[in-house]
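Asks: Dock chain P against the given chain W, drawing on the hints supplied.
Protein chains in written order, with this note's numbering: chain W, 1035 to 1337; chain P, 1035 to 1337.
Hint data in this document are derived by calculation from the structure and do not stem from the laboratory.
Predicted, not measured: the structure shown is a model, and the values here were computed from it.
All C-beta atoms in this analysis are idealised placements derived from N, C-alpha and C, irrespective of residue type, glycine included.
Any given hint might turn out to be false.
Derived pair list, reagent style DSBU-like, types lysine-lysine, alpha-carbon separation capped at 35 Å [as the list claims (entries may be wrong)]: (1) W/Lys1075 - W/Lys1052; (2) P/Lys1189 - W/Lys1153; (3) W/Lys1157 - W/Lys1319; (4) W/Lys1241 - P/Lys1314; (5) W/Lys1075 - P/Lys1153; (6) W/Lys1319 - P/Lys1241; (7) W/Lys1241 - P/Lys1304; (8) P/Lys1268 - P/Lys1095; (9) P/Lys1095 - P/Lys1179; (10) W/Lys1314 - P/Lys1288; (11) P/Lys1319 - W/Lys1241; (12) W/Lys1095 - W/Lys1052; (13) W/Lys1075 - P/Lys1241; (14) P/Lys1241 - W/Lys1157; (15) W/Lys1241 - P/Lys1153; (16) W/Lys1277 - P/Lys1241; (17) W/Lys1095 - W/Lys1179; (18) P/Lys1157 - P/Lys1288.
Facing chain P, from chain W, some residues (calculated, C-beta under 10 Å) [stated by the list, open to error]: (19) Arg1140; (20) Phe1168; (21) Arg1200; (22) Ile1202; (23) Gly1289; (24) Cys1300; (25) Lys1304.
Protein chains: 2
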Amino acid sequence: MLKVPEHQVAGHLAIDGKLGPLVDDSGRFYKPLQGDGRGNKELAFYESFSSDTRVPDHIRKYFPVCYGSQLLEASNGSGLLHHLVLQDIASSHRNPSIMDVKIGSRTWYPEASDNYIQKCLEKDRRTTTVSLGFRIAGLQLYEGKESGYWRPGRKEVQSFTVYNVRSILRRFVSSNSSIGNENSDCSFAPSIYGGSAGILEQLLELKAWFEDQTIYHFHSCSLLILFDKESVSKGSTPVPEIKLIDFAHVVEGKGVIDHNFLGGLCSLIKFVSEVLSDSKESSIKDCVESEKSGICTDNGNCQ
Amino acid sequence: MLKVPEHQVAGHLAIDGKLGPLVDDSGRFYKPLQGDGRGNKELAFYESFSSDTRVPDHIRKYFPVCYGSQLLEASNGSGLLHHLVLQDIASSHRNPSIMDVKIGSRTWYPEASDNYIQKCLEKDRRTTTVSLGFRIAGLQLYEGKESGYWRPGRKEVQSFTVYNVRSILRRFVSSNSSIGNENSDCSFAPSIYGGSAGILEQLLELKAWFEDQTIYHFHSCSLLILFDKESVSKGSTPVPEIKLIDFAHVVEGKGVIDHNFLGGLCSLIKFVSEVLSDSKESSIKDCVESEKSGICTDNGNCQ
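Okay, chain W solo, but in the shape it has when bound:
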């Protein structure tokens, strides 16, 4: 039984009779192959990537599993259409908070047409892509059983400034994200961004690979960052996850590192590590203050 993905935060949605991806209950994600050649390019990437022995195992885990392609009824009712069959990343999370971060200070590639380059460049300049080396392309924050998800609309996302990005990276790991931007407590930062299995360590592992790999250049590709806020709130071990997605514009590296992706990744790493170190500082401050007053804070970060 195919249905519209519940947790898709960016890209074309399969609603209102439009063409978009579908999911099933067994954890698979069906992405329609777009007719302009992009779909076939993405399929070709997955085929090349899965058989490339130069990609180390510890890097493969950052990519969705691909199960080939399959003919399916398209979501827009246009009949049978080839779909890329991928792992449904969100399916392993109960109430996932998700950020889709498009990496790189340019989304175009040298071989593209002038028209395509100008179109991308305009959007790159309008968003934080040029200034930050990445832009948030979509997100949802789980705020709790009652309020559900905060999922800003496409226009709002596209107008995010540097200030907004910084604030969202804080809200993303805050227990009080629904109250407002200014007072985000970042109380989940140590367990989601920090720690040996946290987002920062995963980003650093990816960075080390990007400093060396010259096989692919990942243009206009996104990092999906996911975690389950409820499991963190309940004290169970969180499993923050990173996956690279959207490979329709990947080109051969030809012996050159992907300096565009790497630069943006380093910029994101700096932002995430700043949220983390701010949260550590404020939890030390909390400790000092609670020691003075004789009470202990209950966020468990007072070491």
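Replies: Just chain P, lined up with the frame of chain W:
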């Protein structure tokens, strides 16, 4: 007594009645302040940089010393003009081989005018700037007492391809650079690119700073790489040197890392480390072969 610099490999030259920098015998370099505001921006950068306590000492050594500005007779005979007074980097080398590498996959900055951006973008796409994240903007290779320097003309430099860049990075550290591109022996790679005071270590030290610093964004800035081939040939300790130059387009970092410079720097690091590891491999091969034949190569790299 002011004169035209002997070792200037890029930028405007003070010849044929044109405006350009001058040097004296005491090791100072006089750069005319251009009237379009660039000169004043560069002076302002040096003033801000020299008094900024956030810049660590081990990073300052990668920047030329600035002695302020001075009114001097311009090289084009137009009368008195303000000049930036800088350390003449080449003056401490007897027969310097020099590469001027403009770092970054874009030379423009978000705040610039549309016209300026299009002009830069066009040149960035025409050269290796977009593809490699850096371009060689000028160079001279010392080839020996008889042949003197190889210094390709501006047009030749601007037409360098990825292949040319790779080949020049090899020729730069070869004892047989004059023979031709294909057979570069890279025999100086271990002592110039390698070692604890070599170019690679210096680039890595700079990289670590760029992963963290959010004070400046260095647009259209160059890395000057210098060494004295004669002193290496004679067996004395070489002092390969790196200096950042050209700060007319530096803008405030505003809390964001310079991902454009960092990405290009990482790409250059990859190229340099490949020349170095190739040269190590071939010297091991030499060793094995000379052991077989009972003779030892004399390049001193046979460990």
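Asks: State for each hint whether it applies.
Replies: Going down the list of hints, with the structure as the test:
no., hint, in the structure
1, W/Lys1075 - W/Lys1052, "holds, 22 Å"
2, P/Lys1189 - W/Lys1153, "holds, 31 Å"
3, W/Lys1157 - W/Lys1319, "violated, 41 Å"
4, W/Lys1241 - P/Lys1314, "holds, 26 Å"
5, W/Lys1075 - P/Lys1153, "holds, 32 Å"
6, W/Lys1319 - P/Lys1241, "holds, 33 Å"
7, W/Lys1241 - P/Lys1304, "holds, 14 Å"
8, P/Lys1268 - P/Lys1095, "holds, 26 Å"
9, P/Lys1095 - P/Lys1179, "holds, 31 Å"
10, W/Lys1314 - P/Lys1288, "holds, 23 Å"
11, P/Lys1319 - W/Lys1241, "holds, 32 Å"
12, W/Lys1095 - W/Lys1052, "holds, 31 Å"
13, W/Lys1075 - P/Lys1241, "holds, 34 Å"
14, P/Lys1241 - W/Lys1157, "holds, 29 Å"
15, W/Lys1241 - P/Lys1153, "holds, 32 Å"
16, W/Lys1277 - P/Lys1241, "holds, 26 Å"
17, W/Lys1095 - W/Lys1179, "holds, 31 Å"
18, P/Lys1157 - P/Lys1288, "holds, 27 Å"
19, Arg1140, "holds, 7 Å"
20, Phe1168, "holds, 9 Å"
21, Arg1200, "holds, 8 Å"
22, Ile1202, "violated, 15 Å"
23, Gly1289, "holds, 8 Å"
24, Cys1300, "holds, 6 Å"
25, Lys1304, "holds, 5 Å"
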